[in-house]
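Trainee: With the hints as your guide, set chain U onto chain E.
Line order of the protein sequences matches chains E and U. Numbering of the first sequence is given in UniProt numbering, commencing with residue 1 and proceeding in unit increments. Numbering of the second sequence is given in UniProt numbering, commencing with residue 1 and proceeding in unit increments.
No lab work stands behind these hints: they were computed from the structure. Ideal placement from N, C-alpha and C gives every residue a C-beta, glycine not left out. Among the hints, a few may not be true.
[To be verified] Label-pair ranges, simulated between beta-carbon atoms:
1) U/Gln169 to E/Val110: 21 to 29 angstroms
2) U/Thr20 to E/Val74: 39 to 47 angstroms
3) E/Ala135 to U/Glu19: 40 to 48 angstroms
4) U/Gly26 to E/Pro27: 38 to 46 angstroms
5) U/Glu19 to E/Ser2: 49 to 57 angstroms
6) U/Glu34 to E/Asp21: 31 to 39 angstroms
7) E/Asp216 to U/Gln81: 44 to 52 angstroms
[As the list claims (entries may be wrong)] Below are the DSS-like pairs computed for lysine-lysine, each with C-alpha atoms no more than 27 angstroms apart in a straight line:
8) E/Lys16 to U/Lys66
9) U/Lys393 to E/Lys15
10) E/Lys24 to U/Lys66
11) E/Lys24 to U/Lys393
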Amino acid sequence: MSDRDTVLAAIRANKKALPADRPKAEPLPVPARGQVEGAKRRDLFIRMAQAASASVEVLTSPEEVPEAVANYLVAQNLPARLVLASDPAIANLPWHDYPMIAHRIGAATVQDHAALTVAFAGIAETGTLALLSGAETPTTLNFLPEHALVLVTTDDLCGTYEELWLRLRAATDNGAYWPRTVNLITGPSRSADIEQQLLLGAHGPIKLHILLLDLDA
Amino acid sequence: MESTADRFVDNAHRALADETLQQAMGHVRVNFIEKRRLAVEALPEFEALRQAGRNMRDRVLADLDKHLLAFEAKVLEQGGQVHWCVDAEAARNKILEICREAGARRVTKGKTMIGEEIGINEFLAAHDIEPVETDLGEYIIQLRHEAPSHLVAPAVHVTQKQVEETFRQVHRDLDAKRDLSEPRSLLSEARTKLRQKFVTADVGITGANFLVAETGSSVIVTNEGNGDLTQTLPRVHIALASIDKVVPTLDDLTVLLRLLARSATGQEMSVYTTLSTGPRREEDHDGPGAYHVILLDNGRSKMLGTPKQDLLRCIRCAACLNHCPVYQAVGGHAYGWVYAGPIGAALTPALIGLDHAADLPNASTLCGRCEAVCPMQIPLPDILRYWREEEFKNGAAKPGRASQSIRRGLRLWAFLARHPRLYRFATGIGRRILAGRAGRAGRLDKVPLAEGWTVNRDLPAPSKRGFHALYRKEYRG
Numbered sequence: 001m002s003d004r005d006t007v008l009a010a011i012r013a014n015k016k017a018l019p020a021d022r023p024k025a026e027p028l029p030v031p032a033r034g035q036v037e038g039a040k041r042r043d044l045f046i047r048m049a050q051a052a053s054a055s056v057e058v059l060t061s062p063e064e065v066p067e068a069v070a071n072y073l074v075a076q077n078l079p080a081r082l083v084l085a086s087d088p089a090i091a092n093l094p095w096h097d098y099p100m101i102a103h104r105i106g107a108a109t110v111q112d113h114a115a116l117t118v119a120f121a122g123i124a125e126t127g128t129l130a131l132l133s134g135a136e137t138p139t140t141l142n143f144l145p146e147h148a149l150v151l152v153t154t155d156d157l158c159g160t161y162e163e164l165w166l167r168l169r170a171a172t173d174n175g176a177y178w179p180r181t182v183n184l185i186t187g188p189s190r191s192a193d194i195e196q197q198l199l200l201g202a203h204g205p206i207k208l209h210i211l212l213l214d215l216d217a
Numbered sequence: 001m002e003s004t005a006d007r008f009v010d011n012a013h014r015a016l017a018d019e020t021l022q023q024a025m026g027h028v029r030v031n032f033i034e035k036r037r038l039a040v041e042a043l044p045e046f047e048a049l050r051q052a053g054r055n056m057r058d059r060v061l062a063d064l065d066k067h068l069l070a071f072e073a074k075v076l077e078q079g080g081q082v083h084w085c086v087d088a089e090a091a092r093n094k095i096l097e098i099c100r101e102a103g104a105r106r107v108t109k110g111k112t113m114i115g116e117e118i119g120i121n122e123f124l125a126a127h128d129i130e131p132v133e134t135d136l137g138e139y140i141i142q143l144r145h146e147a148p149s150h151l152v153a154p155a156v157h158v159t160q161k162q163v164e165e166t167f168r169q170v171h172r173d174l175d176a177k178r179d180l181s182e183p184r185s186l187l188s189e190a191r192t193k194l195r196q197k198f199v200t201a202d203v204g205i206t207g208a209n210f211l212v213a214e215t216g217s218s219v220i221v222t223n224e225g226n227g228d229l230t231q232t233l234p235r236v237h238i239a240l241a242s243i244d245k246v247v248p249t250l251d252d253l254t255v256l257l258r259l260l261a262r263s264a265t266g267q268e269m270s271v272y273t274t275l276s277t278g279p280r281r282e283e284d285h286d287g288p289g290a291y292h293v294i295l296l297d298n299g300r301s302k303m304l305g306t307p308k309q310d311l312l313r314c315i316r317c318a319a320c321l322n323h324c325p326v327y328q329a330v331g332g333h334a335y336g337w338v339y340a341g342p343i344g345a346a347l348t349p350a351l352i353g354l355d356h357a358a359d360l361p362n363a364s365t366l367c368g369r370c371e372a373v374c375p376m377q378i379p380l381p382d383i384l385r386y387w388r389e390e391e392f393k394n395g396a397a398k399p400g401r402a403s404q405s406i407r408r409g410l411r412l413w414a415f416l417a418r419h420p421r422l423y424r425f426a427t428g429i430g431r432r433i434l435a436g437r438a439g440r441a442g443r444l445d446k447v448p449l450a451e452g453w454t455v456n457r458d459l460p461a462p463s464k465r466g467f468h469a470l471y472r473k474e475y476r477g
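Chain E with its partners taken away, still in its complex shape (with noise of 0.2 angstroms):
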């Protein structure tokens, strides 16, 4: 018998069914918090990704987002370069006007030191960004470079994590082009793993500057 045959007759073997008193099935909670909308959902994501150690900057139009990434640069003291994702809403913006911008369009190697991607949606409930990996947004922008930032714009806000797979569902027709990688990043990375003592920037990003855009404030 093969091992699959094995663990599975095993599981037959032994598995007992539900007491008669539990629920076949029943509605899973969902927290109040992250069921609100309009501006009080962009507040409670800008809230909830800043106690994670987010940066956010809101901005009003796509045109700012270039200005905004050169004043990041230069606040941070790094050098004036960057990955880009090739997503349009990224790679359509106008960079020839911040020629000062040495940018280039791909995935991310251990020499960048910052990236700019685009999120699939942020969840307001925890703060949290949803990245998918793909041809125009690829994983290692998300991990390798010092400096994350993400544009993500309003109408993308979810309140909850229901209503991002509802959408990631609808987006994937119904899970058939299902991204190879699926990322919620809630903050810069950390670890504790010394004394307890938490450091912010542990193999991933030691910034994440998240770009929100909203276009009806």
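Mentor: Chain U in isolation, oriented as in the chain E frame:
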């Protein structure tokens, strides 16, 4: 991993006398508990989620074969592979086979308890494949040739000074005079060292906190980002999971995610929760070219339908360790195998046999805090009691066991209890001696015939007059 679970008593004695360990364990007693409390208080639905999570896990276990097959079908559909393994040896061989097919010489590893359970590092190293732990805590203990002592914080028993000593010893290529006095500099050094390993690894091995049948995904939950570099950069990704990790849908997953980080570290969400599904797509610029899931049984299917089944609900948050007075005192290594604390005391006998872990169920005061904080409401004290009864049944046939001396003591007590005059006489003498010795302090730091017990504890002194004497005086005049 080799077990010393059959030597808990000796292990615990050593741990209590180890001043460095005691210093390190102080952080557990404070940090984890307070952070969890605040996070739980900030989510009014926490108790409802516990209930829903428990029920959902029980529903899955009642139909485990169905959910595993659904998961397998989705993984295959997404271009991945699933390898069912009955035991540790089968899993090790399968992993080696995959590594050899990939021509692997170096393997990076995310944190995986299943990896510890099957002893994958030693096995790969013995076959000339270099395993590199990349979680900071795991990296530290790999360099120190130690086992993890905590489910979430594997190096919680190591002090900062010891980390510095280890790094100086191992990172010999770096300037001997470099400043490593700050935790930040230790972290940076590890980050730099491991970056070189990440980009040169051929295979990445991670654990899996959960498997999602709906999408055929393995899920890891981490804070450092090492797990993601491990499963993104090498050519091959192997996810190690036991059969109890499967959940039906993304919404079911969400219930457990809402419980896990809050119970483990007091975070709303861990920094990185990642769903991996199949290998990289044709158009992707990064990600592994092959994706394998090792589905390990190793004794778990035998737990179904028994009093131990509830242990299969565990999500490895370590809240039971953090809140356990015994774990806090002796740390994780005393438990002698992979899983420490109350969950370890209850699970280890089921996985390696009660004969090899007979003392573990006694490593508990049955105070019940573990069950009270368990997000999956696992009745840990009941299961420990079950094991004690099993061990008592076994012990009759096996002289020399701890249960033998317990048995003698109980027999003596039972004799006295059936002879009230003798009982009062004997306890009266004992009481007078102890009360006299304690003097005004009311506490005893040494008790005749029980020195072992009082090495690490004080005994509250008995009052000079016992209950019977007081009762006679008050109610019978």
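Trainee: Decide, hint by hint, whether the structure agrees.
Mentor: Structure-based check of all given hints:
Taking the beta carbon of each, U/Gln169 and E/Val110 are about 26 angstroms apart, inside 21 to 29 angstroms as hinted. The hinted window of 39 to 47 angstroms between U/Thr20 and E/Val74 holds, with their beta carbons roughly 46 angstroms apart. As the Cβ distance of E/Ala135 to U/Glu19 is approximately 56 angstroms, the hint placing it in 40 to 48 angstroms is violated. For U/Gly26 and E/Pro27, the hinted distance range of 38 to 46 angstroms is satisfied, since their beta carbons lie about 43 angstroms from each other.
For the pair U/Glu19 and E/Ser2, the supplied restraint of 49 to 57 angstroms holds, since their beta-carbon distance comes to about 52 angstroms. Range check, U/Glu34 to E/Asp21: Cβ separation about 37 angstroms, and the 31 to 39 angstroms hint holds. Hint check: E/Asp216 to U/Gln81, Cβ distance near 47 angstroms, so the stated range 44 to 52 angstroms holds. Taken as a hint, the E/Lys16 and U/Lys66 pair is honoured in the structure, with Cα atoms around 13 angstroms apart against an allowance of 27 angstroms.
A hinted pair counts as satisfied when its Cα atoms are at most 27 angstroms apart, and U/Lys393 with E/Lys15 qualifies at roughly 26 angstroms. At roughly 15 angstroms between alpha-carbon atoms, E/Lys24 and U/Lys66 fall within 27 angstroms of each other, so this suggested pair holds. Between E/Lys24 and U/Lys393 the alpha-carbon distance is near 37 angstroms, which puts this suggested pair outside the 27 angstroms criterion.
In terms of the numbered hints stated before, the structure departs from hints 3, 11, listed from lowest to highest.
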